[in-house]
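Novice: Letter by letter, the chains look like this.
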Amino acid sequence: MDFDLMITSFPKLLGATVVTLKLLSASLFFGLFLGLFFAILRLNKNIFINKFAYSYSYIFRGTPLLVQIFIIYFGLGQIEYLRTTFLWVILKEPYWCAIIAFTLNTGAYTSEILRSAFQTIKPGIIEAGKSLGISNKIIFYKIQIPIAIRQSLPAYGNEIILMMKGTSLASTVTLMDLTGVAKYIISTTFKPIEVFIVAGGIYLFMTFIIHNVIKYLEKKYSFQQ
Amino acid sequence: MELLAFGKTGWGDELFYATLMTVAVSITAMLVGFFFALIFTPLKLSKYKTLNLVGNFYTTVIRGVPELLVIYLFFFGGSGAIMYVASIFGYYEYIEINAFITGSMAIGIISGAYSTEVFRGAIQSIDKGQFEAAKVLGINKFGQFYKIILPQMLRLAIPNLSNVWQITLKDTSLISVTGLVEIMRQSYIAAGSTRDPLFFYSFAAVLYLLLTYVSMKLINKLELKYSRGY
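Protein sequence lines correspond, in order, to chains A and B. The numbers in my numbering rise by one with no breaks, and the one at position 167 of the first sequence is 167. So my numbering is basically just the index in the second sequence, starting at one, shifted up by 1000.
Source of the hints: derived by calculation from the structure; they are not laboratory data. You can take every hint at face value.
Interface residues of chain B toward chain A, partial, derived using beta-carbon atoms under 8 Å:
| no. | residue |
| --- | --- |
| 1 | V1061 |
| 2 | G1077 |
| 3 | K1170 |
| 4 | A1204 |
| 5 | A1205 |
Just so you know, even glycine gets a beta-carbon here, dropped at the ideal spot from N, CA and C.
The shape of chain A in the complex, shown without the other chains (with noise of 0.2 Å):
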């Protein structure tokens, strides 16, 4: 066991932690409202729409992430057109392209948790809310959705988690988040239990966090309080 290097490592991957943080909160608040944006076309009863939904959450959710993010990174930038237009400002940086695969991921993922935690409300809620005479809009922002969030919190904690693992692949693309460091020190130094155990530590550290949060949220949410 090198202790040295350790010590010294760990202020590297603290700050490359940042990078990690930054990418998983960018694409977890854009793909919150990707999919619940997906999630309310999947209830959509035109099968156009609908069809449209499931295959959007179907392709991301059957194909790895690492695709997506090549796809993106190395793929759009061949089309001529795109490279004319303002889009290309964002996606020749690696920063942004993983940032948008990232999004396009969580918002799949997330489109199938909010669907579900919408079908599984009650109709008595809402037949309720109507007869009160409340509009369609209010039911659905007003109890629809809180009851949704409830509903969706321990899914949705999983997924954060692994968005956040998920973050890790931006080092593909040159992007140097908690794993591209930990690459480039182990490739370095040829010291990778050493660097794996300051690595994990961090982000079993963020789990934890995570979990908590989660946990603390679906206390506070909860009926029973």
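With the hints as your guide, set chain B onto chain A.
Specialist: Using the frame of chain A, we list chain B on its own:
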């Protein structure tokens, strides 16, 4: 389309073999995972706190750390560890481990952590009476497990194991960083030499979709078989 031709002119046959490689790695990793689950599930269900701790340590660490980091650990640390063990036995030459073995071990350990959780959940949801009835009938421990607990457990575990299979299948794409020529690596090579990454990565996505689709169909059949009578 000529890019996908078989033979020397296209990448069809290479991608076909790469797909087989992905399937082979996934199955090996899944089996390695079952092996780990076989060790760690009893530990997690054990009466002894220390054994519980060991089981929980395994599943928590592996499920909390990115797959890529585990793969790097095996990729950079694998041959070092083997050489260290070999040096105890007096062998000091350089040993290189095959990328297939490194990859399926790394993915196997990851999938094992998920399988352990699935098996633990399935065993815990079997009615206690089943264990007691088996004991009362004087069936030995071996028979209890293989003839009574296992068939019931499989029925409960298959839907969740199919999730584990999907995760494992998708995780194998990460082994491409170690140089094993599976779908992702082959697409990377093809994209590099034809300068057509969009086509090849999209085709890789289609191959993965195909694999997940076919395996879902097969697993559904298996599920029907094991839930006969329910």
